[in-house]
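Participant: Here are the chains, one letter per residue:
Number of protein chains: 2
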Amino acid sequence: MKNNKPTILVVNDDGITAPGIKALIEVMQQLGNVTVVAPDSPQSGMGHAITIGKPLRLDKVNLYEGVEMYKSSGTPVDCVKLAVNKIFKGKKPNLCVSGINHGLNNSINVIYSGTMSAAVEGCIEGIPSLGFSMDDYTWDADFEACKKYIKAICQQVMQKGLPIGVLLNVNFPNNSQPIKGIKICRQANAKWAEEFDERQDPYKRNYYWLTGVFQLNDKGEDADVWALNNHYASVVPVQFDMTAHHAINTLNDWDFNV
Amino acid sequence: MKNNKPTILVVNDDGITAPGIKALIEVMQQLGNVTVVAPDSPQSGMGHAITIGKPLRLDKVNLYEGVEMYKSSGTPVDCVKLAVNKIFKGKKPNLCVSGINHGLNNSINVIYSGTMSAAVEGCIEGIPSLGFSMDDYTWDADFEACKKYIKAICQQVMQKGLPIGVLLNVNFPNNSQPIKGIKICRQANAKWAEEFDERQDPYKRNYYWLTGVFQLNDKGEDADVWALNNHYASVVPVQFDMTAHHAINTLNDWDFNV
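Same order as they appear, the protein sequences are chains A and B. Read in order, the letters of the first sequence correspond to residues 0 to 257 in numbering that gives the first Met the number 0. Read in order, the letters of the second sequence correspond to residues 0 to 257 in numbering that gives the first Met the number 0.
It is possible that part of the hints are untrue.
Because identical chains share one entry, a pair is satisfied inside a single copy or across any pair of copies.
With a Cα cut of at most 25 Å, we get these calculated BS3-like pairs of lysine-lysine [as the list claims (entries may be wrong)]:
#1 88 - 190
#2 203 - 4
#3 190 - 85
#4 85 - 203
#5 179 - 146
#6 203 - 53
#7 147 - 190
#8 90 - 190
#9 59 - 203
#10 88 - 203
#11 190 - 91
#12 53 - 190
#13 218 - 147
#14 218 - 53
#15 85 - 150
#16 4 - 59
#17 146 - 85
Just so you know, the hints here were simulated from the structure itself, not pulled from any lab data.
Please construct the entire structure, taking both the sequences and the accompanying hints into account.
Facilitator: See below:
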């Protein structure tokens, strides 16, 4: 870390041994000094969870040449907090990247995603942050085609900066066709329709597996789902201010009569 | 359920035995037919986590007279999904309320909060949804002063509806002074500065407890922190569209040069 290269924090939610984080590390090594803090087990769907009821582990590991790496028992958001506080010790990294997630985090998925929540936490910490995901859930997904896009997007972020309180959610289509280019998008309006798979355990008690079907309610060509369906990489600027500012005036007209 | 009263889903993150949910149930029984689906153990800080790596339990319990109640092994968001799918079976309740949380969920806490994430999930499901929290972390917190405000706010929501994609985050001050009234607010700009408490286990391995200090970077009198510090109940309209729409034009000017 004695050179003048940018410092880059790499996190994910699929766990430190996932091929997706290996691909992301490979790109980041072209751009700076890489430190990895990632969960020791898969943490998909953890959203913005933090660990407050039990203690956290943080242990150094040595997986890839020239990369400082730590695994943690915590959630993706815990990993960012531990990195900033215990590893960077307040000297914030120049970039925080999360992923590459095995599976899309477009549309409403941003709110359930551990990958994106780690990037959101980086943004809350004031670090330029991005999350990357690809439309391939398999463990042997091939991330090669994403790499030049990830590099180009990160270079732009490091050159130009991001607006305060804004991070980027980048999703890539699958490898069935070449990527056509990059589209700046908004989050598509969609939701998951749950279909719980009900089973019975050997003791005759019921249990449920959460499954679901993605319901798209949005045909907009400015939405991330459209871009991905048309084989573009989608880039959505994301914010953590969840205030519905447009609704404040409406509510001020209400009479609570207490 | 044979009367014409509204159906109300009550959830929380402190667990089904928490005094806060009991207080909320008491208010809701004045407004409609109450169904409770709540975690079987505390789930604070779970954010918008969902359970996909293990199965879920959902079991009927009988704690309070005249209330249909279920406990689940899942997160607060899982509870809402289970309620909509397995209990209401697609016939959505007229209202979804979460809380009363033992402790504030104002400002940035909305994103870490299981209480608020359950209400967000209700809103994603298209149900008018609200989260309630109070500035008292203790198990024997007295929620009596909040009750008339909760009733009045829910009555307004049921009469007037909420804008599509908008829910309410309601926080109450502690009992050191009477509540002065209700303020419609935006989420204050603040963050947690982590301070990990580092310890050593009997096997000489380090572990960490997540602690932190709330850092307020916002003196605005239109923010929820100001309202609560001045002993008002704060009502923040919240949305789950996380797109930073204002940043889209800026990003369209970038040259990714791929």
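Participant: Each hint should be assessed against the structure and marked as holding or not.
Facilitator: These are the hints, each one checked on the structure:
no.: 1; hint: 88 - 190; in the structure: between (39 Å within a copy, 17 Å between copies)
no.: 2; hint: 203 - 4; in the structure: neither (60 Å within a copy, 35 Å between copies)
no.: 3; hint: 190 - 85; in the structure: between (37 Å within a copy, 17 Å between copies)
no.: 4; hint: 85 - 203; in the structure: between (47 Å within a copy, 18 Å between copies)
no.: 5; hint: 179 - 146; in the structure: within (14 Å within a copy, 56 Å between copies)
no.: 6; hint: 203 - 53; in the structure: between (32 Å within a copy, 18 Å between copies)
no.: 7; hint: 147 - 190; in the structure: neither (31 Å within a copy, 34 Å between copies)
no.: 8; hint: 90 - 190; in the structure: between (39 Å within a copy, 17 Å between copies)
no.: 9; hint: 59 - 203; in the structure: between (44 Å within a copy, 15 Å between copies)
no.: 10; hint: 88 - 203; in the structure: between (51 Å within a copy, 22 Å between copies)
no.: 11; hint: 190 - 91; in the structure: between (35 Å within a copy, 15 Å between copies)
no.: 12; hint: 53 - 190; in the structure: between (32 Å within a copy, 22 Å between copies)
no.: 13; hint: 218 - 147; in the structure: neither (29 Å within a copy, 43 Å between copies)
no.: 14; hint: 218 - 53; in the structure: neither (44 Å within a copy, 34 Å between copies)
no.: 15; hint: 85 - 150; in the structure: neither (27 Å within a copy, 45 Å between copies)
no.: 16; hint: 4 - 59; in the structure: within (22 Å within a copy, 58 Å between copies)
no.: 17; hint: 146 - 85; in the structure: neither (30 Å within a copy, 43 Å between copies)
Consistency note: the structure conflicts with the earlier hints numbered 2, 7, 13, 14, 15, 17.
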